[in-house]
Amino acid sequence: MTEDSIKQITLKVQRYNPEQDSTPHFQEFLVPVSRGTTVLEGLLYIKENLDSTLTFRTSCRMAICGSCGMLINNYPHLACHTQIEEFHSDTLTIKPLPNLPILKDLVTDLIPFFNTHKSIKPYTIRHETEEMENPTAEFTQTPQELETFLQFTYCVKCGICISACPTSASDKLFLGPQALAQCYRYCADNRDEGWQERFLLVDTDHGVWHCHLAGACSEACPKGLDPALAIQLLKRRLTSQAIGLRKKQQSSPVASPITETKAKVPFPEFTAKES
Amino acid sequence: MKQMQPRQNYLGPGGWVWAGKYKLERYLYLLHRITGLGILLFLILHLCMTTIFRIQGQDVWEATMALLHNPWFKIGEYLVCAAFIYHALNGLRLILQELGFALGRPTPPVYPYKDALRKKRPWTIAMIAVIAILALVFFYDFIVGGW
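Going down the list, the protein sequences come from chains A and B.
The opening position of the first sequence corresponds to residue 0 in numbering that gives the first Met the number 0, with each subsequent residue numbered one higher.
The opening position of the second sequence corresponds to residue 0 in numbering that gives the first Met the number 0, with each subsequent residue numbered one higher.
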């Protein structure tokens with residue numbers, strides 16, 4: 000990389016220290032940027048060279064852990080997944096994700112968000128307690144059955160959908176796109192039998208019916224999860240259940256024990272090591 | 000050690016009014032709410048006029064009718080009509096999509112990601128075109144003078 004390819008960009012970062020500040024304020028930092036520099040790398044540069052008190056969450060740096068969700072130029076992004084040159088601007092404004100409480104600087108309190116996720120029982124529920132306590136084999140599932148919910152399993156719980164959702168902005172009790180999408184993910188899984196318990200939790204004024212299909216959650220989701228689609232499919236299930244048109248989902252059986260195994264196929268000759 | 004309380008950061012009603020860099024459906028959502036509130040306001044005014052003013056006698060009624068012939072009320076009436084067209088047709092789209100129809104099936108998220116609403120956007124744009132045509136027809140009827 001040549002020196003010429005590096006230019007200076009101003010990162011305008013929202014600062015808030017609950018021990019010192021009564022309200023958040025902005026602080027500007029001049030950061031060197033080259034092709035491919037991500038917003039997270041810009042923040043790490045500030046932390047390492049300009050102001051070590053700047054606080055933000057980060058871990059994997061490759062859009063898997065969901066730690067670095069923040070509002071960049073008034074749109075929620077994962078900082079590690081967003082390159083500075085995408086914005087074609089000399090100044091970037093960085094704020095913590097809205098609709099989530101701020102702990103310090105860019106760090107939001109995700110505990111209420113995780114608690115909402117836990118409240119919809121995001122785990123496999125089966126009626127046969129014995130099999131759940133002492134499993135003998137896996138529950139069978141075809142690739143086609145898996146595809147009915149596979150898209151919704153990629154959630155990294157970054158909180159970006161909550162910050163994009165206009166309903167979450169005005170209704171603090173709303174379960175939010177993340178939890179509702181995960182509710183559908185488990186209800187659509189034919190290894191699960193807990194839909195009745197979950198339907199009771201989401202069939203409320205602050206549950207699935209408060210989604211008005213603005214689609215912002217699906218647009219902003221950095222993992223292409225499409226929570227809006229999952230929520231509408233959940234509404235469809237609830238409606239068809241209420242009017243008695245819902246087809247009964249057959250629970251997948253426990254895999255039968257393997258009685259015989261095929262003979263091992265020998266390695267082809269050209270892969271065999273010369274002795 | 001002093002326990003710090005997290006600072007609340009809810010956007011509040013401003014969060015659904017401000018659509019910023021979000022795409023088409025986010026703006027349709029906002030317009031759906033605004034037109035809904037507009038139609039509700041019209042309904043309240045309409046009920047007031049046809050009940051409170053009407054029972055106060057012919058003079059009050061005729062004075063009210065004269066007021067309503069003001070060109071500004073004509074424009075207001077057209078806006079209610081346009082709002083009704085939008086709210087009805089977009090409402091039909093929402094009923095269909097909120098019941099899981101016309102959205103497609105879940106697909107593996109392969110980059111660049113395309114959500115279900117974006118895949119169906121040509122149909123949404125067609126709906127907007129129908130709304131625009133109807134709004135123009137009623138504009139000709141209400142404002143220009145009609146056939």
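The hints are simulated quantities; they were obtained by calculation from the structure and are not laboratory data.
One should not assume that every hint holds.
Computed beta-carbon distance windows for the label pairs [what the hints assert, rightly or not]:
1. A:126 - B:44: 35 to 41 Å
2. A:152 - B:126: 31 to 37 Å
3. A:29 - B:9: 29 to 35 Å
4. A:250 - B:109: 45 to 51 Å
5. A:49 - B:9: 54 to 60 Å
6. B:87 - A:152: 35 to 41 Å
7. A:136 - B:126: 33 to 39 Å
8. B:40 - A:246: 40 to 46 Å
9. A:129 - B:109: 57 to 63 Å
10. B:44 - A:35: 43 to 49 Å
Residues on chain A that point at chain B, a partial pick, calculated with CB under 8 Å [unchecked claim]:
11. 14
12. 15
13. 17
14. 59
15. 62
16. 64
17. 65
18. 133
19. 231
Treat the numbers as computed from the prediction; the structure is a model and nothing was measured.
A virtual CB, placed ideally from N, CA and C, is assigned to each residue, including glycine.
Hint-by-hint comparison with the structure:
no.	hint	result
1	A:126 - B:44: 35 to 41 Å	violated (57 Å)
2	A:152 - B:126: 31 to 37 Å	holds (32 Å)
3	A:29 - B:9: 29 to 35 Å	holds (32 Å)
4	A:250 - B:109: 45 to 51 Å	violated (30 Å)
5	A:49 - B:9: 54 to 60 Å	violated (31 Å)
6	B:87 - A:152: 35 to 41 Å	holds (38 Å)
7	A:136 - B:126: 33 to 39 Å	violated (50 Å)
8	B:40 - A:246: 40 to 46 Å	holds (44 Å)
9	A:129 - B:109: 57 to 63 Å	violated (40 Å)
10	B:44 - A:35: 43 to 49 Å	violated (58 Å)
11	14	violated (12 Å)
12	15	holds (6 Å)
13	17	holds (4 Å)
14	59	violated (17 Å)
15	62	violated (11 Å)
16	64	violated (17 Å)
17	65	violated (15 Å)
18	133	violated (33 Å)
19	231	holds (5 Å)
In summary, the structure is inconsistent with hints 1, 4, 5, 7, 9, 10, 11, 14, 15, 16, 17, 18 from the numbered list given earlier, while agreeing with the others.
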